[in-house]
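Chemist: Chain residues, written in single-letter form:
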Amino acid sequence: MINKKVNSVSQALEGVQDGMTFMLGGFGLCGIPENAIEKLVSLDISELICISNNAGIDDFGLGKLLQNKQIKKMIASYVGENAEFERQMLSGELEVELTPQGTLAEKCRAAQTGIPAFFTPAGYGTEVAEGKETRVFNGKNYVMEEAYQADFAFVKAWKGDEAGNLIFKGTARNFNPLMCGAATITVAEVEELLPIGGLDPNQIHIPGILVDRIFRGNLYEKRIEQLTLKKI
Amino acid sequence: MALDKNGIAKRIAKELQDGCYVNLGIGIPTLVANYVPQGIKVEFQSENGILGMGPFPEKGEEDADLINAGKQTITSLPGASFFDSAMSFGMIRGRHVDLTVLGAMEVSEKGDIANWKIPGKLVKGMGGAMDLVASAENIIVAMMHTNRSGVSKLLDKCSLPLTGLGCVKRIITDLAVIDIIKDGFLLVERAPNVSIEEIQNATKGKLIIQNKVPEMEF
Chain F
25 MINKKVNSVS
35 QALEGVQDGM
45 TFMLGGFGLC
55 GIPENAIEKL
65 VSLDISELIC
75 ISNNAGIDDF
85 GLGKLLQNKQ
95 IKKMIASYVG
105 ENAEFERQML
115 SGELEVELTP
125 QGTLAEKCRA
135 AQTGIPAFFT
145 PAGYGTEVAE
155 GKETRVFNGK
165 NYVMEEAYQA
175 DFAFVKAWKG
185 DEAGNLIFKG
195 TARNFNPLMC
205 GAATITVAEV
215 EELLPIGGLD
225 PNQIHIPGIL
235 VDRIFRGNLY
245 EKRIEQLTLK
255 KI
Chain B
17 MALDKNGIAK
27 RIAKELQDGC
37 YVNLGIGIPT
47 LVANYVPQGI
57 KVEFQSENGI
67 LGMGPFPEKG
77 EEDADLINAG
87 KQTITSLPGA
97 SFFDSAMSFG
107 MIRGRHVDLT
117 VLGAMEVSEK
127 GDIANWKIPG
137 KLVKGMGGAM
147 DLVASAENII
157 VAMMHTNRSG
167 VSKLLDKCSL
177 PLTGLGCVKR
187 IITDLAVIDI
197 IKDGFLLVER
207 APNVSIEEIQ
217 NATKGKLIIQ
227 NKVPEMEF
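Here the protein sequences come in this chain order: F and B.
What the first sequence shows, in the numbering used here, is residues 25 to 256, in sequence order.
What the second sequence shows, in the numbering used here, is residues 17 to 234, in sequence order.
Okay, chain F solo, but in the shape it has when bound (with noise of 0.2 Å):
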């Protein structure tokens, strides 16, 4: 079985440079990558364009390379609850392409899937079709959309083995799967590392295929966005 455990966060993180395209898993700070993004943030290096589907807060999750002016693109869906992402976009410093979220999905496991282009429903007749080639398929308008092209994925689960095979918990499943082997290079943390053979083949939600660098994240906050309780 080929072994794809690193030994520590640096280590998975080699190769990251100025310039590339990362993406990142997670939805709000449901599922993030927290270690691959503390690391990141400690790193000399900017002009990202980053892939995920929102931007974190202020000060956690993408928030912080943002803070830190790291990122060139964002690439999401929604970026509410984020005041300087906000800031950075309206003043031009910072380029952003919002995306529908199932396109959003879609592109990622495109890439994933050796499949260069799609067609969808969403956003026809609208500013995310602008440019775009359209088609009429059964009578209804269509957009094609292309496959993204990352050098690096970041990916959270829940847990894993030393043969990158992979589960995810709840909602935090969310973009991870579909971000596994979509970019050169994809990098996996789990909560949970266990030796190979130590996860039931049944339960595996990614083949270690798909992954080629795999650690236990170190620290995990799991900070929770909106904390809604059952009214007494």
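None of these hints come from the bench; they were simulated from the model.
The structure presented is a predicted model; accordingly, all values stated were derived computationally and were not measured.
From the three backbone atoms N, C-alpha and C, an ideal C-beta is built for every residue, glycine too.
Careful, some of the hints might be misleading.
[Unchecked claim] Just a few of them, taken from the derived set where beta-carbon distance is under 10 Å, the chain F residues facing chain B:
id, residue
1, Gly104
2, Ala129
3, Glu245
[To be verified] Over 10 Å on every C-beta distance to chain F, these chain B residues come out as not near it, computed from the model:
id, residue
4, Pro53
5, Glu153
6, Ser168
7, Lys173
8, Gly200
9, Glu205
10, Asn217
11, Val229
[Claimed, not checked] Calculated pairs, SDA-like style, for lysine to any residue (alpha carbon to alpha carbon, straight line, at most 20 Å):
id, chain 1, residue 1, chain 2, residue 2
12, F, Lys255, B, Lys21
13, B, Lys137, F, Gly104
14, F, Lys97, F, Asp68
15, B, Lys185, F, Tyr148
16, F, Lys164, B, Arg109
17, F, Lys193, B, Pro73
18, F, Lys255, B, Gly76
19, F, Lys193, B, Leu93
20, B, Lys133, F, Tyr148
21, F, Lys255, B, Ser92
22, B, Lys137, F, Gln112
23, B, Lys137, F, Glu105
24, B, Lys126, F, Gly163
25, F, Lys255, B, Gly23
26, B, Lys137, F, Arg111
27, B, Lys140, F, Met113
28, B, Lys185, B, Leu203
29, F, Lys255, B, Gly70
30, B, Lys173, F, Tyr148
31, F, Lys254, B, Gly76
32, B, Lys57, B, Pro94
33, F, Lys254, B, Asp79
34, F, Lys164, B, Leu181
35, F, Lys156, B, Pro177
36, F, Lys96, F, Gln41
37, B, Lys140, F, Ile73
38, B, Lys140, F, Glu110
39, F, Lys93, F, Leu118
40, F, Lys97, B, Val139
Mind docking chain B on chain F? Use the hints.
Modeler: Only chain B this time, still in chain F's reference frame:
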């Protein structure tokens, strides 16, 4: 009297049909889950990857790995399932989700909807709204009839960047239930003690009034 947000949610809940899968947007739509009529079974989908969404958790039971699309902590019901975002939007585009309820900044009499961007000002992004409105069989918009400055949100043509074209079927506001038909906004019901004139004054697009317009029932 005009309805409050819970009133709107309560009226929307009457649209729920037994056995349907429903996606609720952020804001007023989220409240609809509190008013599911007795004897009806529906399943709520949240596009971040859950079917069978349950109520908010008890104190101490919250889980950072279990949220809805509004990033609120939630619970899952027996029989729930989790999936990735491509599967989630696959079931939306594939028309397996029966009803979508979402908010809007503007709706036109052609059924166009704008709810994601105010140029030069508010930039939040469309999230899953463009995928939802492009695909759902049945779309209900839940919103206030006018904006905070008292300007109508029901227009002949949207002034803001569009989220989708000709997709809205029904609008439920604090004042009225309105259907989009070929010629414009058809007034279907009035909120209790709200006059046709009040609704007319708050509607900028073409409002069609046929026969007697009944009051909403809850």
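Chemist: Next, verify each hint and record whether it holds.
Modeler: Each hint tested on the structure:
no., hint, verdict
1, Gly104, "holds, 4 Å"
2, Ala129, "holds, 4 Å"
3, Glu245, "holds, 9 Å"
4, Pro53, "holds, 21 Å"
5, Glu153, "holds, 12 Å"
6, Ser168, "holds, 22 Å"
7, Lys173, "holds, 13 Å"
8, Gly200, "holds, 20 Å"
9, Glu205, "holds, 29 Å"
10, Asn217, "holds, 30 Å"
11, Val229, "holds, 32 Å"
12, F:Lys255 / B:Lys21, "holds, 17 Å"
13, B:Lys137 / F:Gly104, "holds, 12 Å"
14, F:Lys97 / F:Asp68, "holds, 17 Å"
15, B:Lys185 / F:Tyr148, "holds, 18 Å"
16, F:Lys164 / B:Arg109, "holds, 13 Å"
17, F:Lys193 / B:Pro73, "holds, 17 Å"
18, F:Lys255 / B:Gly76, "holds, 13 Å"
19, F:Lys193 / B:Leu93, "holds, 15 Å"
20, B:Lys133 / F:Tyr148, "holds, 16 Å"
21, F:Lys255 / B:Ser92, "holds, 17 Å"
22, B:Lys137 / F:Gln112, "holds, 12 Å"
23, B:Lys137 / F:Glu105, "holds, 14 Å"
24, B:Lys126 / F:Gly163, "holds, 18 Å"
25, F:Lys255 / B:Gly23, "holds, 19 Å"
26, B:Lys137 / F:Arg111, "holds, 10 Å"
27, B:Lys140 / F:Met113, "holds, 11 Å"
28, B:Lys185 / B:Leu203, "holds, 12 Å"
29, F:Lys255 / B:Gly70, "holds, 14 Å"
30, B:Lys173 / F:Tyr148, "holds, 17 Å"
31, F:Lys254 / B:Gly76, "holds, 11 Å"
32, B:Lys57 / B:Pro94, "holds, 13 Å"
33, F:Lys254 / B:Asp79, "holds, 13 Å"
34, F:Lys164 / B:Leu181, "holds, 12 Å"
35, F:Lys156 / B:Pro177, "holds, 17 Å"
36, F:Lys96 / F:Gln41, "holds, 13 Å"
37, B:Lys140 / F:Ile73, "holds, 19 Å"
38, B:Lys140 / F:Glu110, "holds, 8 Å"
39, F:Lys93 / F:Leu118, "holds, 9 Å"
40, F:Lys97 / B:Val139, "holds, 15 Å"
In the structure shown, no violation is registered for any of the earlier numbered hints.
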